[in-house]
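Here are the chains, one letter per residue:
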Amino acid sequence: MLEFSSKPINFGFLPATFYWALLITVSLLFIPFIFSSSAALNFITQVCIAAVLGLSFNILLGQTGLLSFGHAMYAGLGAFASVHVMNKIGLGECAFPVILIPLVGGLAGLLVGVICGWISSKRAGIVFSMISLGIGELVFAMAPMFPQYFGGEAGISTNRVIGDTFLGLSFGPQIEVTYLIIVWTLLSMGAMFFLTLSPLGKLASAVRDNPERVAFLGVNPRLIRFFMICIASFFAGISGALSALHFEIATTDSLSMYRSGSILLFTYIGGISLFLGPVLGAILAVCMTVFLSELTPAWQLYLGILFILVVSFAPKGISGYISAYLAQIKALYQRNNLINVIRVSCLHLFANAMIGGSLVILIELTYQLRFADQNWMLLDWFKHNPFDVNHWIIPICMFALGVLVKLVAKRVLRCMR
Amino acid sequence: MKNLLTIQNLSAYYAQSQVLHGLNLDIKSSEVVALLGRNGAGRSTCLKAIMGMVRTEGQIQYRDQSLIGLPSFKIAQSGIAYVPEDRAIFAGLTVEQNLMLGIKPPARAESTWLWRLDDAYALFPILFERRAVAAEVLSGGEQQMLTLARSLLGNPDLLLVDEPTEGLAPQVISQLLDFFVSVKQRGVAILLVEQKLELAKQIADRFLILGNGSIVFDGDWDEFIENQSLRQEWLEI
Amino acid sequence: MQIEDPVLEFFLINLLNGLSYGFLLFMLTAGLSLIFSLLGVLNFAHASFYMLGAYLGYTFTGLWGFWWGLFFAPLITGLLGALLERFALRRLHARGQLAELLFTFGLAYMMLEMVQLIWGKLALPYQIPQALQGSLFLIYSSPFSNYRGFIALLALLVLGLLYLLIRRTNIGLVIQAAWTAPTMVEALGHNVPRIFMWVFGFGCGLAGLAGAVGGNLLVTEPSMAAHVGSIIFVVIVLGGIGSLQGAFWASMLIAISQTFAVTSELSLQDLLALFMSIQYEASNQSVLSIPISHMAPMLPFVILLLMLVVRPRGLFGQQSGLNSHA
Amino acid sequence: MHALTLQEVKLQLGQTAILRGVDLQLKAGERLALIGPNGAGKSSLFNVISGRQTCTSGRIMLRDKNITRLPAHQIVRQGLNRSFQTSHLFADLSVFDHLCCALIQRFSSPLMFWRRLKNEKQVIRNAEQLLDLLALRERKDTIVRELSYAEQRLLEIGICIAGGADCILLDEPTAGMSRTDATRIVQLIRELTINKSLLIIEHDMQVVFDLADRIAVMVQGQVIACDTPQAIRANRQVQTAYLGTWKTT
Amino acid sequence: DTIKIAVIDPMSGPFGPVGLNTFNSFKFIAARANAEKWAGSHQIVFDGFDNKAGVQESLSLLKTVADKGYRFITQGTGSAVGLALIDAINKHNQRHPGQEIIYLNHGSIDPDMTNAKCSFWHFRFDANSDMKMEALTSFIAKDKQIKKVYLLGQNYSHGHQVARAAKSYLARKRPDIQIVGDDLHPIATVKDFSPYISKIKASGADSVITGNWGTDLALLIKSAKEQNLNVNFYTYYASSTGVPTAIGDAGVDKVKLVGYWHPNNPSKLGASLTQGYKAQYKDDFSSTSTYAMIASLAKAIQIVDAQFKDKSKPMIDPVKIAYALEDLQIDFFGMPASMRKADHQLQLPLYVSNWEKIDGKSQRFDQENTGLGWKTLQVFEPYVASQATSCQMKRPN
Ligand SMILES: Nc1ncnc2c1ncn2[C@@H]1O[C@H](COP(=O)(O)OP(=O)(O)OP(=O)(O)O)[C@@H](O)[C@H]1O
Ligand SMILES: Nc1ncnc2c1ncn2[C@@H]1O[C@H](COP(=O)(O)OP(=O)(O)OP(=O)(O)O)[C@@H](O)[C@H]1O
Ligand SMILES: CC(C)C[C@H](N)C(=O)O
Ligand SMILES: [Mg+2]
Ligand SMILES: [Mg+2]
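Chains A, B, C, D and E are the protein sequences, given in the same order. Just so we're aligned: the first sequence equals residues 1 to 417 in my numbering. Just so we're aligned: the second sequence equals residues 1 to 237 in my numbering. Just so we're aligned: the third sequence equals residues 1 to 326 in my numbering. Just so we're aligned: the fourth sequence equals residues 1 to 249 in my numbering. Just so we're aligned: the fifth sequence equals residues 1 to 397 in my numbering.
Rather than coming from a laboratory, the hints here were simulated on the basis of the structure. Ideal placement from N, C-alpha and C gives every residue a C-beta, glycine not left out. A couple of the hints might just be wrong.
Claimed, not checked - Each computed DSSO-like pair below joins lysine-lysine, with the alpha-carbon atoms no more than 27 angstroms apart: (1) C:121 with E:52; (2) E:278 with C:121; (3) E:375 with E:394; (4) E:147 with E:117; (5) A:330 with D:140; (6) E:52 with E:117; (7) E:4 with E:68; (8) E:375 with E:341; (9) E:27 with C:121; (10) C:121 with E:4; (11) A:88 with E:117; (12) C:121 with E:173; (13) E:191 with C:121; (14) E:91 with A:88; (15) E:37 with E:282.
To be verified - Over the 10 angstroms line for every Cβ pair with chain A, so calculated as not near, a few chain D residues: (16) 13; (17) 16; (18) 30; (19) 54; (20) 64; (21) 66; (22) 82; (23) 89; (24) 110; (25) 129; (26) 195; (27) 220; (28) 237.
Working from the sequences, and respecting the hints, build out all of it.
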């Protein structure tokens, strides 16, 4: 996964970056062909939107070291701006191609970013977080006061089938919108990756690690922060516009602290130190909010547990964990230890599966015990009866077994070193 | 006689900078040892290393207990007291409150309470006079006395003192001298980091010179005086 | 009864209601502030402990009565907090503030789910106890309820207790000393990590207490944590991060200003007219015609931003010696 | 003309006076060492000069420009830079990135996001040169966290001089190093600061006497003496202050 | 054939109780309908989807539900969501011919939904807020004691509509009544209404008209009680979950309710449903529009079924059902209720009732075990409250 800082790893003659870019582009362009059910398109589209948002958030958190609690605001305002423009087009009050709507969202995000960034770039660290929280909540609290702009509780609906068609595309059918969104996602991802290679991007990483020292390089760290906030809000705005195209509505929920919190959660789980980490986070986000939430009422609990585990044991997120793991395997492979690695990995995998599986069953049982009247699919799968003691004993045994194997694996690993 | 404290091959680090390189040192019960060396040689670091306040490697044996890796409160509870060079008084608290924070029974059940609040006040009457005053307004000398008294109230067997006379008037210094003598008489071992040789000479039994992170000289006063070249290399400007 | 002075009555009852809300807010923020100033942990789960306190208060009230709830809710939340510090936060301490903050952030999610798992997703009928119902006194015809008085009393008690604890006991001495020189306190043989653990527990316990008394005055429901979540941060930033005094005054400021904003009949237009004697075209759509009462929810954040722009360290915050770049 | 002039610089933090009126001149092209006991205020003086802290009163002139209350990044652009006592690097960046970052302000624009850093020829060329100069070529792509301490200190000095400042302040560049590393660094400092003015804080007297043209002694927030090494060595007051009452028997 | 209906309503959060109550009502009545074969051989099944009272969430769910092949959705807890759903369904149906979705509205009562925003795909089985206000103001108009009225509502479409209608209808029927306050508060976030109460008190109002529902009403009344506010409350939703408990004894003769049906109106079916529901869910049967909806739907299914020739392969076309629903009459607990073709608004009787101690005879049912319940003060025939519509219905060719 594309690293932020260090040298690109070479695969023969072309840089790894190139392969990643190719892989992502090709797969994004072909997946909708292969999986063209409306559920699949819906999924891909949402992943794209979340990925752009996550990447833009990571411009702040991963790259500049700014933990923002108000990032959803930029996306939300971008969505509102695009909805208004779309409605204007729909009424024939202005002519603007629908394919360029994301640009409108981006510019709106940028505008807000300029204003808010001016205030919040003053400080980093916790004070920045608090300012961003304040601004986010302020805008969220303000929105209902201007129903003509924010549509009150109902939000503002729009229609994307407006204006002239573009190469015969009306963007009514989901697949056309999906492709539009994919193209914009690819453009945004490319631009955001390019940013990491630019002087500004490098200095931003420097500001993240040590803002004070940057000042002693003759560069005002505040200015760097300000520019990064602007850029991040621009891409957040684009993501908002994409969601407006997809859902054809902008609501005040999308400005909320809760939304900002989810962005943080999933981006962090995906991993903030690799460029593609947030994309992984986005995939996970959509999987969890769309699929898992249908399977089990406990999905938010799983999310919380996952996040806490990541914070405690994999501070670089899942992507960081994977790449560290691969690096370890590579190192051991060079020392001809691969077979042992595989053994230990299998032990760990087994142990984790046991522990994880037993926890899932226990949680599901508990939920079933608690919310007996609600039907959830995951519960059906297990066909467990929470009132039967045996059904509790099995997962507990699994758990114990898992812990045991884990201890063994640890011993083995220690012997190997 | 058995060593109270034995240090072997001690390294100490601030982040990645290594300040002590394989230092060896021992202190016997009721012994006063002066640790000399140039500014920045690492003397303070040595005391901090004993107290577990910096990252260390090597062995530190205190009585029959290894101190490496213990948190500093455990080390303090085992009977070592530390007087830092910056004094670290608790600015918001009064003199008496500062002293109360130091009170602690002796580490070993069989030892007696050598120091109580009254002893401290008897030793430094000025502190008694000013017991209700906020510690931050004390003069430098008074602060130094406060820190010393605070450490003694923990009834230690070993006292680590870092530059107690730094910035003090000569008159106060002679007062401190009396103090150290009386502490020594009560059987408390002292590891003293001091720049003023006059003072060190009067109370120390043994002299160590720290250079480049390890002990380069170990001997009594006479040996120390004889070794002119050593002094020149490691102590003078 | 004849209303004698509606304006004064209106003003006084609002002031008192605002104050009692402020006291509740203070109980809630005192713990957060204490934890931050001593441990440097910005506890995002603080509001969740408040929620937990309310739920526990409800449960124990149902089992043995309100007073037991008032006793057990803070006790259990406090112990839970202490355990968390001991087994999770302490490990993360070396990784710095962000890791701890994120941990508590995730914790807030988990606690919300746990609470819903145990107590369900709906609001609970947590009632004000019989003994504290009724009104304490009348202001003309408006009663000021016993329970609000009780909350104010309790908050003052907490304030007093906190003061005594910090100023008068040995533990307080240690805590205070740890403020200025934590390593030295440890070098004197005090188990500072353990003290931090209890401070964290104590802070969470205060939140639990606030929940136990606030849950029935307001509503005990899963969204109650989110509802105060950002306000308490506003309060501690406004008061100056880490200052108890600041937390107190900021709580009062926020509570009273919000109460009065809600009840105000004016719009920005009127305010402008009042101060600048300018007449604006009354147009229904403009910002200026929005009544201030509708702006109440955004008021705390406006105050916060103004404060951060004018005086970034808050009311009672300490200034650092270095010119800040961070 | 003096490269740097301090007049009555005072720094007060709350109740404590940290600098009590410092007067000091650094001549153009000279190497001046600042010595003094721990806590004398040497680092604080550096902070004040470089804009890390703002002095309570007094005047600081860089050549003929008054830099007294300028923010740090502007002082750097005026041609004064400093290193830090404890390494102040960017934990997750590579050695080469450090050098590039230090050069961006000089040869490119910090806000440039429309070009790749790789294409900023001048930055890259100069960074490569520095790499050789610092003898860090092998470590080019190493993340600084993985550097040895001495290498970090080296890099610290490297990014300090990279910006092209002609007045350099180094805070204990050899602290925490082995003797051989220290010698190497001293040699390097000598090379890098040819034609530049240097103010250096150092505890290691060998280094001080090796390097310095003049020595200033600071005690309790004041410069009590500033003279040639020989004179300082002979100065009794300095001896008392710095090494205690050492009576030669 | 099984007709699957997706219930998109809040099942958690502040308005969770309201959503759950209706969801349970659906399941309860559907069970009875299926057992008694209201829809012939067809089964009606309800599946719950928690929209957390959010608009965006609801639209996501709509997509999900469409992907799963649901052709009917029902929603009713919140007009904001309702308006957004109409819009989204219009677009969906236009873009996906053959997969049309029909929106059965059981309680979102913003009049716009059957006027400016009306849609062929939307059917409302609750009286809209203008109809209710018509009835309520007619009732108020007779009471000469009322002089000063305070309007308090939630700050969203429904709250705005109630305030607007109250002002214009009162001005028409009782120009002498003074509107002493017109206030909106943020929906679902106010936990302490005491500032609002002191405001009402200071205004000198003798009556409060509020469209609040769920916790927003319960807390309002709780606060009023705490501060001894001596006014009459004219409410739309005082029977919704949680509110009766909050009203308690203090509200006797003070709280009035306007709405369709409540269990103390004579009806055998109604009484049996009320009792059965209470026995099964330990909750009050208060969402009676669910009955109107299922009854109508069942009837429409039967009509379509009868038209359908090949009985061996029963297939229900939702569009046909929609056409059948368009003008349909049902018996609504002894009173006629009919769907109006022009705007898809059910025309049904309305009741204004008073909060009183139940006597066990004419008033058999209490609410939430308080020993208190509703007593009808006035019944309004469907035509009385009926409102003109501006709807220009576009039907699919
Ligand atoms: N916190 C720290 N971080 C990094 N390096 C440090 C730190 N404290 C001290 N040092 C370095 O460690 C070395 C030894 O310091 P130490 O304080 O032990 O010296 P000392 O012998 O006590 O000198 P002094 O007479 O100045 O007290 C010095 O070079 C100093 O720069
Ligand atoms: N931000 C601050 N707040 C309070 N006191 C400070 C601050 N910075 C420095 N001091 C104090 O100022 C004094 C001078 O510190 P400084 O770091 O300048 O000493 P130094 O001469 O560089 O010592 P060393 O040789 O140990 O590096 C010390 O007593 C220190 O405790
Ligand atoms: C379920 C109802 C209380 C919903 C409310 N009438 C609305 O239209 O928003
Ligand atoms: Mg020292
Ligand atoms: Mg220094």
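Here is what the structure says about each hint:
1. For the given pair, residue 121 of chain C sits about 11 angstroms from residue 52 of chain E by alpha-carbon distance, which is consistent with the 27 angstroms threshold.
2. A C-alpha spacing of about 20 angstroms is found between residue 278 of chain E and residue 121 of chain C, which places the hinted pair at or below 27 angstroms, so the restraint holds.
3. Taken as a hint, the residue 375 of chain E and residue 394 of chain E pair is broken in the structure, with Cα atoms around 41 angstroms apart against an allowance of 27 angstroms.
4. Only pairs whose Cα atoms come within 27 angstroms are accepted, and residue 147 of chain E paired with residue 117 of chain E is rejected, the gap being roughly 35 angstroms.
5. For the given pair, residue 330 of chain A sits about 22 angstroms from residue 140 of chain D by alpha-carbon distance, which is consistent with the 27 angstroms threshold.
6. Taking the CA atoms of residue 52 of chain E and residue 117 of chain E, the gap is near 24 angstroms; set against the 27 angstroms cutoff, the hint holds.
7. Taken as a hint, the residue 4 of chain E and residue 68 of chain E pair is honoured in the structure, with Cα atoms around 10 angstroms apart against an allowance of 27 angstroms.
8. Restraint check: the Cα-Cα separation between residue 375 of chain E and residue 341 of chain E comes to about 32 angstroms, which exceeds 27 angstroms; the hinted pair is violated.
9. Taking the CA atoms of residue 27 of chain E and residue 121 of chain C, the gap is near 20 angstroms; set against the 27 angstroms cutoff, the hint holds.
10. Simply put, residue 121 of chain C and residue 4 of chain E have alpha-carbon atoms about 26 angstroms apart, close enough for the 27 angstroms limit, and the pair holds.
11. Of the supplied pair hints, the one linking residue 88 of chain A and residue 117 of chain E holds, its CA atoms being roughly 18 angstroms apart against a limit of 27 angstroms.
12. About 44 angstroms separates the Cα atoms of residue 121 of chain C and residue 173 of chain E, which puts this hinted pair outside 27 angstroms; it is violated.
13. Restraint check for residue 191 of chain E and residue 121 of chain C: satisfied, since their Cα atoms lie roughly 17 angstroms apart, inside the 27 angstroms limit.
14. Restraint check: the Cα-Cα separation between residue 91 of chain E and residue 88 of chain A comes to about 18 angstroms, which is no more than 27 angstroms; the hinted pair holds.
15. Restraint check for residue 37 of chain E and residue 282 of chain E: satisfied, since their Cα atoms lie roughly 26 angstroms apart, inside the 27 angstroms limit.
16. For residue 13 of chain D, the condition that its CB be more than 10 angstroms from all CB atoms of chain A holds, with the nearest at approximately 18 angstroms.
17. Residue-level check passed: residue 16 of chain D sits 22 angstroms from the nearest beta carbon of chain A, beyond 10 angstroms.
18. The non-interface label for residue 30 of chain D is consistent with chain A: the shortest C-beta to C-beta separation is roughly 22 angstroms, beyond 10 angstroms.
19. No Cβ of chain A comes within 10 angstroms of the Cβ of residue 54 of chain D; the nearest lies about 13 angstroms off, and the non-interface call holds.
20. Residue-level check passed: residue 64 of chain D sits 20 angstroms from the nearest beta carbon of chain A, beyond 10 angstroms.
21. Remark: the non-interface label on residue 66 of chain D is consistent with the geometry, its nearest Cβ contact in chain A lying 18 angstroms away (cut-off 10 angstroms).
22. With a closest Cβ-Cβ approach of about 6 angstroms to chain A, residue 82 of chain D is found to fall inside the 10 angstroms limit, against its non-interface label.
23. A Cβ of chain A approaches the Cβ of residue 89 of chain D within 10 angstroms, the least distance being about 7 angstroms, so the stated non-interface status is violated.
24. In this structure residue 110 of chain D is not separated from chain A by more than 10 angstroms, as the shortest Cβ-Cβ distance comes to only about 5 angstroms.
25. Non-interface status of residue 129 of chain D relative to chain A is upheld: no Cβ of that chain comes within 10 angstroms, the nearest being about 17 angstroms off.
26. With a least beta-carbon separation of about 20 angstroms from chain A, residue 195 of chain D lies farther than 10 angstroms from that chain, consistent with its non-interface assignment.
27. For residue 220 of chain D, the condition that its CB be more than 10 angstroms from all CB atoms of chain A holds, with the nearest at approximately 27 angstroms.
28. No Cβ of chain A comes within 10 angstroms of the Cβ of residue 237 of chain D; the nearest lies about 34 angstroms off, and the non-interface call holds.
Against the hints set out earlier in the document, violations occur for numbers 3, 4, 8, 12, 22, 23, 24.
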